[in-house]
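Read top to bottom, the protein sequences are chains A and B. In this text, residue positions in the first sequence follow the numbering used here: the first is 1, and each later residue adds one. In this text, residue positions in the second sequence follow the numbering used here: the first is 1001, and each later residue adds one.
Fair warning: there could be bad hints in the mix.
Cut-off 16 Å, straight-line C-alpha distance, at most; resulting in silico cross-link-like pairs (EDC-like, lysine to aspartate or glutamate) [claimed, not checked]:
#1 B:K1235 with A:D171
#2 B:K1156 with B:E1053
#3 B:K1207 with B:E1217
#4 B:K1235 with A:D168
Please keep in mind that the hints were generated in silico from the structure rather than gathered at the bench.
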Amino acid sequence: MKQGFTLHNALFIGFCATLLVAIKSMMRMKLGLTGHSMFLISLFYLVCYGATNKVGSMTLCGLLTGMLAMILGVGKGGPFILLKFALPALAMDLVLIFMANMFTLRWRCILLAIIGSIAWASKSWIQNLLVGMDPQVAFIQFGLSSVKGGVFAIAGALLVPVIINRLDAHDLLTTNKAAHK
Amino acid sequence: MSKRVCLKSDDSDVNNLDITMNKNLGKKSINTLSNASTNTSPNASSYKARLTESKRKRWLCGVAIIFSIVLSSSAFLVTTEQLGYLAVINLGLMIHAWICKARLKPLVKLFAIQSVITVSLYALFYGSERVLEALIVVLRIILVMLPSWWLASTQKAHHMSQVLCLFLPSKWAFVITTSIKLLPFITQEVRDIYHIQCLRGARIMPKELINPINWIELVRCVLFPLLIQLLSLSKHIAKSAQQRHFDKHSKHTHWPLS
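Extracted from the complex, chain B is given alone in its bound form (with noise of 0.2 Å):
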């Protein structure tokens, strides 16, 4: 009975619904959800005033995309010269995430790469002569990607899902907020998969993964069982969602404060 809630179709669904729940619990539960509906009004605020944070939150996340596709896409197209305010604006990109507790060894470790290569393969073949017009080159490619990084560390998962669902059906959009819920589920299944390999006596330690003869190992224990319990559980899910009519109705209700 407590997961309907994510499986709403319609109203006349969730009236049916709590009817039914109130006969399983009985009178006594009957007077608690009545004393619970009298004293609604200071929840009933609160509820509103997370509805409202909820959707400035939700707007900001879908500013913060359409800005951070523009910087990207102008890091292509703005003159050398007009290069250095980009980068500032991205600077200023950096230190707000920095603030924000963002991990910069990813971006640090991106940038020496893509240095090392450019620079070298500039060097090979032209001498030291076009070294800056290397550097230049690695610099556009980091205020390419310097954007979508600021935006993954700075915007919460469940806000940018909730963006994306603006514009996509709404199966699919059952189908991302399924696979998001279900992550850490699917992470521990991998856990628990590979732990159980392990003291079966596979060779997939760590120590052991060094060869790569035993890649071959990993993939037959871990993701081949770990493909079944996936298929398997989809067609759990689907079918729980349709005997909940999930495909009857084109409409669907969504719980606003996840």
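Just chain A, same shape as in the assembly (with noise of 0.2 Å):
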């Protein structure tokens, strides 16, 4: 982790984070969609990964988000929304293990992008169980916060690929090669 990014990765990273974070706080509360900030998850955390071609900037990512979301009181604050946003996260970096390579970066953002949606809804299906409640109504919840974020997350992730070209053509990305130079 310390060697891997360097700084200029590792404060755009941070500047994702917060930017998804000051969005998140504009928004609060006015859509009233369940799961319209998959959206927001979905497209900084790919954005990430896309400019900076690494395994684990995702998981950066939201591990940044999470702690940001508790530092300035971004939706109820507190040590919970660190697991709200790593755990997508994470989930994502660790599918991305396995796919590195294998499809286009529109699909592979697609891809990501649903397991993202499914870690995000199973944060609240664990903690609904643990609480006690049905598992029947729990699981219903489940599936539809995973749909609807779903949804909102492959419309995140659409827009990935367009950015990474619009950023490439400003010439601010940094292979990992030129990186390590």
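Assembly of the complex is requested from the two constituent chains, each provided in isolation within its own frame, with the hints serving as guidance.
Structural data, given as structure tokens:
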């Protein structure tokens, strides 16, 4: 973690996390749609992955987002918000290890977004089961949130290849080889 | 020169920079600095007092974080009979947060949404028999959320970041503090880009955003330029930090009274 990311990449991941928290705090409770936060989560996590091109960047972004949300008190704050942001990122990174160069960037992003939304919904599923909710009711709530979150996450993922192309056009992306030189 | 303070790498660097500063400022400024150094005794005592106060608040914040984790976790673990004690403690926290002028509205809204969804689902599957069970489940969910909300509303951001920085590597602590410091800048940048794009005639005014088709335009006109701006900003900050030997030393000095 210490040597893997350059300061430039680390700062970009930090800024993405800050922007995610800032936008989330701006549109807090205004939409009233379950899963709309998955749009921002998948978009920024995947932009981090696209810009740094490294496994682990999404987990770092997730952890930083959770910490910043905890510090700034966004989304009810507290230590559990860390899990909410870190869990989808961790799941996406774990899946990325197995499919690093398997598909085109667009399809990779879509698959990662679906995985992320399932992990995001499973956090509240586990929480509901732990508080003693009926498994059937908890499963239906899990299914509904994964579908709603999944739709928003795919919408976010579809924007990522366009953003990466735009950043590349501005000559702002450094490949790993160049970064380590 | 004024920007160097946050990126001091070690004492020798600080001395070098001070010497350079004195050379640049000339004799007049040297006199001013020497006068200031002779009058440091009251400043030193106030500095010590502030340092002690800062440390005390940091410890309090650390305890508050641990307390909220324990309280949130116990909402999962305690039996239904013991839930009342937990509710009383949480009520105390709620009153404390209310005295600290916290906003109760998000919590009430969450409670209302959770109650409606869970109770209606229980009623749909099991009729009115298990409504009480559903209400207990909702209460537990609220008791999980409430300590976190209390923590966020009563503790200051910089104390929490100081506690987090205790167990983070220095590079990531730097990233977090830089991100928090730049948050007003980023928010202002979002506003500026949004207003400029509105003046250009983009269909992203609040009324036009009711139509979901215009959301794509919002992303294209505001988010894309913002990400480009952020990536170039991170490049500049990384370069300027490295020019101040940020990566050269493993040990960094911090200004304690943020």
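Evaluation of the provided hints:
Proposed proximity of K1235 (chain B) and D171 (chain A) is supported: the alpha carbons are some 11 Å apart, at most 16 Å. Of the supplied pair hints, the one linking K1156 (chain B) and E1053 (chain B) holds, its CA atoms being roughly 14 Å apart against a limit of 16 Å. Restraint check for K1207 (chain B) and E1217 (chain B): satisfied, since their Cα atoms lie roughly 14 Å apart, inside the 16 Å limit. Distance hint between K1235 (chain B) and D168 (chain A) is fulfilled; the C-alpha atoms sit about 14 Å from each other, no more than 16 Å.
Consistency with the previously given hints is maintained throughout, with no hint failing.
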